[in-house]
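Residue numbers (our numbering), protein chains in the order written: chain L, 1 to 198; chain Z, 1 to 166.
Some hints here could point you the wrong way.
Said to hold, decoys possible - No farther apart than 25 Å at their CA atoms in a straight line, the calculated lysine-lysine pairs in the PhoX-like style are these: (1) LYS5(L) - LYS102(Z); (2) LYS10(L) - LYS7(Z); (3) LYS5(L) - LYS108(Z); (4) LYS177(L) - LYS147(L); (5) LYS9(L) - LYS88(Z); (6) LYS64(Z) - LYS102(Z); (7) LYS99(L) - LYS5(L); (8) LYS19(Z) - LYS10(L); (9) LYS88(Z) - LYS39(Z); (10) LYS64(Z) - LYS7(Z); (11) LYS50(Z) - LYS99(L); (12) LYS5(L) - LYS88(Z); (13) LYS9(L) - LYS108(Z); (14) LYS39(Z) - LYS8(L); (15) LYS64(Z) - LYS5(L); (16) LYS9(L) - LYS142(Z); (17) LYS19(Z) - LYS142(Z); (18) LYS9(L) - LYS64(Z); (19) LYS7(Z) - LYS8(L); (20) LYS10(L) - LYS142(Z); (21) LYS19(Z) - LYS122(Z); (22) LYS19(Z) - LYS8(L); (23) LYS149(L) - LYS88(Z).
Think of the hints as simulated: they come from the structure by calculation, not from any bench.
Each chain, written out:
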Amino acid sequence: MAEIKIEKKKPIWPWVLVGIIILAFILYFFLIKDKMNSQAVTQNTDSTAMGMDNRTDEDAVATYINFVNADTSKMSLSHEYSHEALTKLANATEAMSNKTGVDVKANLDEVRQLSQNITDNPNATTHADDIKKASIIIATALGNIQKAKFADLSDDSTKLMNDANAVDENDLTLDQKSTVQTFYDAAADLLQKMNSNY
Amino acid sequence: MMKDENKDLYYLHDLTDYKVAEDYPDVRDWEVQDVEYRKVGTVDALLVSKSAERVVYLDVEVDKSVIEEGHEAYGKPTKDGVHEFLNKDGDDHLIIPIGLVKLDEEHKIVHAHQINYSTFVKTSRYSKGNNIGRDYELGVYKNYVPSDVENKDDEDFYGRDSFRVK
């Protein structure tokens with residue numbers, strides 16, 4: 001005697017449902033991930049843009065002027081002070097260039113790099129040379145702005161260039177800190193006048 | 001009273017949401033042999049009782065030899081015996097109650113151990129695709145098991161021994 005039973009097939013729809021859920025989860029995971037990544041990129045872009053804005057607005061000029069006028073005794077800290085002063089001065093010069101719409105035709109990034117060299121190699125004896133190169137670039141840049149927009153500040157511009165040239169690249173920075181400080185002060189003075197006259 | 005149409009009898013392949021249960025063999029395409037192990041055909045389909053959830057008949061496509069033997073039988077004078085059924089050309093399928101066979105799973109053979117060759121020859125056949133009515137079932141059943149005097153009612157037709165494992 002034989003017997004063959006039959007049975008209902010197991011419904012396939014639960015497996016289809018599971019497949020759809022897994023697929024949806026995978027899609028959700030990748031979409032969210034992509035969205036988060038794009039948001040992160042946007043945020044990074046935004047923060048970079050904001051940094052650029054900060055650097056190019058009037059705050060950059062004010063930041064440099066305040067820094068220089070705040071405490072000249074910081075010169076004893078040489079490396080940090082020079083680095084900070086030159087960086088802020090490059091930012092302020094770029095901000096003034098943007099504000100006035102004058103192409104300064106100067107490599108302000110080189111100024112930032114020279115500024116960075118001072119802190120990267122604190123024991124080097126070439127800081128005065130770096131400062132002088134940076135100072136000449138800054139004086140040239142601000143001189144171009146002055147010629148284009150501020151005719152009555154030619155004396156200040158000339159003084160700034162003279163102060164930049166006064167830095168002796170063969171002397172230690174600490175031995176000529178007053179000379180260097182004079183340049184920083186002159187740059188602050190010129191920037192302040194440009195800021196108030198524009 | 002017998003119905004012309006059996007509402008509980010289905011081809012398994014028509015019940016798309018049913019299949020042969022696990023641990024049971026699917027005997028479709030298995031060879032069918034008579035009591036003397038002579039091939040009479042091949043299982044073509046399974047007829048199931050949906051309510052009982054089991055196979056009740058094997059639908060067998062019979063060999064040409066069985067059909068030809070039938071022609072010879074009908075060609076003889078009536079004095080040699082009266083034949084209850086007369087098969088037409090193209091009628092090459094018949095049904096076997098599941099309880100009248102044994103399964104040789106190793107060799108994939110359905111052994112109709114209670115039915116001889118001549119019984120198969122004179123069994124009423126039908127063409128593939130034709131509906132199977134209760135009258136046909138009953139006629140075939142009496143042909144296979146003439147001694148069965150059970151008087152099961154229509155609802156319990158498949159409760160007969162010939163449809164069950166004892």
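Results for each hint:
1. LYS5(L) - LYS102(Z): The given pair, whose Cα atoms are some 15 Å apart, holds under the 25 Å limit.
2. LYS10(L) - LYS7(Z): Roughly 24 Å separates the two Cα atoms, so the pair holds.
3. LYS5(L) - LYS108(Z): Status holds; Cα separation ~17 Å.
4. LYS177(L) - LYS147(L): Measuring from Cα to Cα gives roughly 29 Å; hence the hint is violated.
5. LYS9(L) - LYS88(Z): At roughly 38 Å apart (the allowed maximum being 25 Å), LYS88(Z) and LYS9(L) break the hint.
6. LYS64(Z) - LYS102(Z): holds, 23 Å
7. LYS99(L) - LYS5(L): violated, 90 Å
8. LYS19(Z) - LYS10(L): holds, 10 Å
9. LYS88(Z) - LYS39(Z): The given pair, whose Cα atoms are some 21 Å apart, holds under the 25 Å limit.
10. LYS64(Z) - LYS7(Z): violated, 31 Å
11. LYS50(Z) - LYS99(L): The hint is violated at about 90 Å.
12. LYS5(L) - LYS88(Z): Not OK: LYS5(L) and LYS88(Z) at ~33 Å, beyond 25 Å, violated.
13. LYS9(L) - LYS108(Z): holds, 24 Å
14. LYS39(Z) - LYS8(L): At roughly 32 Å apart (the allowed maximum being 25 Å), LYS8(L) and LYS39(Z) break the hint.
15. LYS64(Z) - LYS5(L): violated, 30 Å
16. LYS9(L) - LYS142(Z): Violated. LYS9(L) to LYS142(Z) sits at ~34 Å, over the 25 Å cutoff.
17. LYS19(Z) - LYS142(Z): Violated, because 29 Å separates the two Cα atoms, which is more than 25 Å.
18. LYS9(L) - LYS64(Z): Violated: LYS9(L) and LYS64(Z) sit about 36 Å apart, past 25 Å.
19. LYS7(Z) - LYS8(L): holds, 18 Å
20. LYS10(L) - LYS142(Z): violated, 38 Å
21. LYS19(Z) - LYS122(Z): violated, 32 Å
22. LYS19(Z) - LYS8(L): holds, 6 Å
23. LYS149(L) - LYS88(Z): Violated. LYS149(L) to LYS88(Z) sits at ~116 Å, over the 25 Å cutoff.
Hint check: violations occur at hints 4, 5, 7, 10, 11, 12, 14, 15, 16, 17, 18, 20, 21, 23; the rest are consistent with the structure.
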